[in-house]
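Trainee: With the sequences and hints as input, model every part of the structure.
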Amino acid sequence: MMKKAPTPRTALAPGIAKVLKQLHCPLDVMLMCVRWYVAYGLSLRNLAEMMAEPWIEVHHSTVYRWDMKLLPVLEKAFRLRKRPAGKSWRMDEMHIRVNGEWRYLYRAVDKNGNTVDFLRRAHRDKVAARRYFEKAIEAIDADRETPIKIRRCKYLNNLVEQNFRVIKRRTRPMPGFRNFRCARILLAGIELMPMIAKGQMQCAHGTHPSADDQFYDLVT
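Residues in the sequence shown are numbered consecutively from 1, following the numbering used here.
Derived by calculation from the structure, the hints in this document are not laboratory data.
Small disclaimer: the values here were computed from a predicted structure and weren't measured.
Treat each hint with caution, since some may be false.
Said to hold, decoys possible - Straight-line Cα separation of at most 16 Å, EDC-like style, residue types lysine to aspartate or glutamate; simulated pairs: (1) 82 x 53; (2) 76 x 92; (3) 198 x 213; (4) 168 x 92.
Mentor: Here is the structure:
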């Protein structure tokens, strides 16, 4: 049985309510398509064909539009509920193809494999990437007696390199991103699902919702 996303009667987040005025389809259908697209190795056409089986007619370009509209709002809602990362971080980068050209995705994870943050860059500019994460470190240092130190140690990056596999598995079936904005939105959505699965989202005390229930809960 398909799990139901919140209905319009449920108190929706302001961003979601605003987006719904622009999209004319049941919220549960849109959220299911968006979640499946960022979580699994499916193309937009795959999703359109799958939805046609239960007699839900949707064009693959419509699914893409749902992704572009809903994912930024869902990511913003997740960041408000994101658990703090650990104190020890590992950072590395991977290649992504945007409009036929190679671009870069920098990621940092803590020693437990939880995602700290990620950054998309048009060029392999480690200085800018390091500056970005140092800014995040400064925000943490404000509440610490002992400041965080940055050190180089190649073997420590094995964890973040293995962590990249989840992202690579999802992006491999894609033909590439149309532009940098598309890459930014979809990669943020792709990053969202593993973070939820790793328990990085704060939930009500004493509850243990599944990853998909947590995803749907982001709209409220």
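Trainee: Tell me the hint numbers this structure goes against, listed in increasing order.
Mentor: 1, 2
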